[in-house]
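Start from the sequences, fold in the hints, and give me the full structure.
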Amino acid sequence: MQQSRGESMTLVGVNLGVARVVGNSVTGIYKSSTGKPTRVESLGLVGDVVSDRRHHGGADQAVYVYGDDDYEWWRMRESAVLAPGTFGDNLTIAGLSCRDIFIGDRFRIGNDVVIEATAPRIPCATLAARMQDKQFPARFKRAERPGFYCRVLNTGTVVAGDDVEYIEHEQSPRFSVVDMFRLHYQPNPSVELLLQVLEQPVAIRERKRLESILNRKEHMK
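Per my numbering, residue 62 is the first one in the sequence shown, and the count goes up by one each step.
Source of the hints: derived by calculation from the structure; they are not laboratory data. Hints are supplied without guarantee of correctness; some may be wrong.
Keeping only pairs whose Cα atoms sit at most 35 Å apart, straight-line, the calculated DSBU-like set for lysine-lysine is [claimed, not checked]: (1) Lys97 <-> Lys202; (2) Lys202 <-> Lys278; (3) Lys269 <-> Lys195; (4) Lys269 <-> Lys202; (5) Lys97 <-> Lys195.
Here is the structure:
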């Protein structure tokens, strides 16, 4: 069911990571929930560590959001305790599934913070290490419940228990988080599709990737 304006959502996890060595790399994916008020700034949550700055962080991927509805889907299938922050999400929201969200959709959290969906999360080896399962990224891909990155449009303070207001992105055509997730793996997207997607407020890393594909296609004409 598509997320609707006015539907009840609640912030149930504010999750902060510390630098941790895994194999030959350092990661901030291991996150713990805090019950304290936490500042959300333009580059993310104060107190959260982003180690792999090539693939994560920055203004367009300042916050990673995961829906507790999607966690519940995993809990039923994995028979595991999946607490908020397990997948590396900064904010966990009850009443939310990423399958209902479109690029450009916005969320007001508490009184001040406003964030905007920019891109799906793409699973990697770090997620496999976090879950202690080399096959988990493949299952994560098949599940098509990636969660999504956000840019911060209005800074402020959040705390677990805050109300979350959904603000629909009304641009047409619209592309869902799942549409963008599928597009990431699509080997030969059409020029028309690329042009339509690039009109959306997509995160800069994915924008550059899609622009590169578009340029190659145009040079082949």
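Enumerated hints in conflict with the structure, sorted upward:
Hint check: nothing fails, all pass.
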